[in-house]
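A.B. asks: Listed in order, the protein sequences are those of chains U and G.
Going by the numbering used here, the first residue of the first sequence is number 1, and it counts up by one from there.
Going by the numbering used here, the first residue of the second sequence is number 1001, and it counts up by one from there.
Everything labelled a hint here was simulated from the structure, so no lab data went into it.
Since we're looking at a predicted model, the values are computed, not measured.
Careful, some of the hints might be misleading.
To be verified - With the C-beta cut set under 8 Å, the calculated list includes, among others, these residues of chain G facing chain U:
| no. | residue |
| --- | --- |
| 1 | Phe1143 |
| 2 | Ser1244 |
| 3 | Ala1274 |
Backbone N, C-alpha and C define an ideal beta-carbon position, used for all residues, glycine too.
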Amino acid sequence: MSKPDQAGTARRAVLRALVYLSLILATVVVLLPLGVVVLTSLKTEKEMADDSGALTFPDDPLNFHNYVTAFQDGRMLSAFGNTAIILVFAIAGTVLIGSMTAYAIDRFTFRFRKLVVALFLLAALVPGVTTQVATFQIVNGFGMFDTLWAPIALYMGTDIVSIYIFLQFVRSIPISLDEAARLDGANSFTIYRKVIFPLLKPAVATVVIVKGITVYNDFYIPFLYLPSQDLGVISTSLFRFKGPFGAQWQTISAGAVLVILPTLIVFLALQKYIYNGFMRGATR
Amino acid sequence: MTDTAEKAALGRPTSDPPAASAPRRRWTWRSLTPWLFLIAPLALLITFTYVPMVNMVAYSFTDWDGVSPELHYTGAGNYTELFTRPELFEVFFVSGYYLAASAVQIVAALYFATVLSFNVRFRSLFKGVLFFPYLINGVAIAFVFLYFFQDGGTLDSILALVGYHSDRAWLGTPVSANVSLAGVSVWRYLGLNFVLFLGAIQSIPGELYEAAELDGANRWHQFRHIIAPGIKPVLTLTVILSVSGSLSAFEIPYIMTGGATGTETFVIQTVKLAFQFNKTGLASAAAVVLLLIILAVTWLQRRLVPDDRVDLV
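Using the sequences provided together with the hints, build the complete structure.
C.D. replies: Take a look at the structure:
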């Protein structure tokens, strides 16, 4: 009897070891490319010219010269500023529009309600990249091309993910709260503003995180609509490193790290909310 | 918007005429209320999604260059061109690399989600590491991997460590370049699939596992009979997102290779046609074809695996 047990135990131990090995391997695959770029960002031009391989350590691990170059010559201050402006307006707009839509859809019964819902659902199936050819003409017609208003307007419109997140939360608010407020003489807008919206704080936090990361990372919209040098956002400014810094991998690496760092900080600080946000947002 | 709506709402009661007409007017006012909340959302939705969609279909039958006021109706000429000029329809085949990569990605995500749903040490650490790439800026990722694949870069250095000295140009030939780019895509997007699967698995009631364990079920049996059915809705969603994403690939290939060396994708081609070569009509036709393919795949997917998850109504 003891022999089969031993065999089973041994097999289980091997399986467990293989599992941990695969997890460690995945960790290496994820972290190694990033780690090498960090190392590269700390090397001098001379060290890069030595061509001693990508895995070597920098002579001076506190050499931040490349970061200064990337930040200044790459116009990163302006990029972070433009991105911040877009983020504020786009997120504020998304929160208002998403919550109003969710409130109207969940709390009211009206003609064409199903049509409205269908319009949003169908729009969710249409990748923005496919309609951008024609959307460009609309944006251009409004005179928004090459202004920050273009990405702001586009990020505010058709965000089914945010609407869905708000809808889940609105649904969980008891209707009796609305009815109590209405008995006190409140109209629908007051109910939305004073009862529903304050209770949507968790949803707002989720949308802010998901939307914030999405907008911060977006390249396509700014690339198409903000060609001017001084309208660079984080993505497009980093992309422009390809030209003047074409072969200076140490500067390009520093630029990449500068862009990744804020994301890492936010992720470490808000892990739980980020997981929940993207899970809610994608499961629709 | 806020001020206007509030003033309208506040002003309404005082201006309400008394007596017989009150009920009908109040009913009318009430029935308009939901639309007040929907004005801005619907305006944005229609302006930036549906109007462009209709315009795009219209443009696709013209020779418009996107700038001049003149445009001529050309019937199905653009569509014929798309399917007869090799350099235009070969972008379909590039999508194949990303579709294959998606399959690998889903399997890997499923594996890691299953493994981490069981009792594993440092679970949070592994979860964080696997998910983090999904949050990183696409341009930064592209640069990380431009350096990764370059001559003497990260990959060559690692191979050299294990004694293999390669002079292969990873981004230098069509097959090698596309496989490399698709690999970057897996690196980047696996985290989302993984978190979705993990969330779905973790929402399965624990009692099912306990009952199965009492019946002597091992890990494989638990996966096959408990986990697999439980994650079916998320798996369906994941497949749709993967197909849609594969067909819409733009960022990584555009930033890394600019579509050169046979890596041009559908969207890269469309963007070039529209904004570099001023062929808005032809670009619109390409975009319509891509849109139809994505909608068809989504519809087919929902037909094959019916899912009552559309609970927005």
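A.B. asks: State for each hint whether it applies.
C.D. replies: How the hints compare with the structure:
1. Here the hint on Phe1143 (chain G) is kept, as its CB sits about 5 Å from the closest CB of chain U, short of 8 Å.
2. At a threshold of 8 Å, the smallest CB-CB gap from Ser1244 (chain G) to chain U is about 6 Å, leaving the interface hint in force.
3. Interface hint status for Ala1274 (chain G): upheld, as the beta-carbon distance to the closest one in chain U is roughly 5 Å, under 8 Å.
Consistency note: the structure conflicts with none of the earlier hints.
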